[in-house]
Amino acid sequence: MTRKILAVLLVFTLVACNNAEKYSETDVEDSPMIQERRCEPSGKPCRPLMRIPCCGSCVRGKCA
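Positions in the sequence shown are counted from 1; adding 4 to them yields the working numbering.
Keep in mind that the hints were calculated from the coordinates and are not lab data.
Quick caveat, the model's predicted, so the values are computed rather than measured.
Treat the hints with caution; some may be incorrect.
[As the list claims (entries may be wrong)] Derived CB-CB ranges, DEER-like:
1) G65 - E40: 22 to 28 Å
2) L13 - P45: 52 to 58 Å
3) E40 - A11: 41 to 47 Å
Heads up, the beta-carbon is just placed ideally off N, CA and C, and yes, glycines get one too.
Kindly generate the complete structure, drawing on both the sequences and the hints.
Below, the structure written as structure tokens:
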């Protein structure tokens, strides 16, 4: 009886770990914090509070 309970617990643990590993991989792929940040290179026109900021700073309407 004890062996059956231990076997069921072992199988349940393995299945739970496998599912957790699978879902953690998809979370990393979909996470916006992990994605590479985009920025405008120097010389591109800019303005304060742009959706995609300059890689450096915005000086006189151009990325520096």
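Legend entry - Unmet hints by their number, sorted upward, for this structure: none
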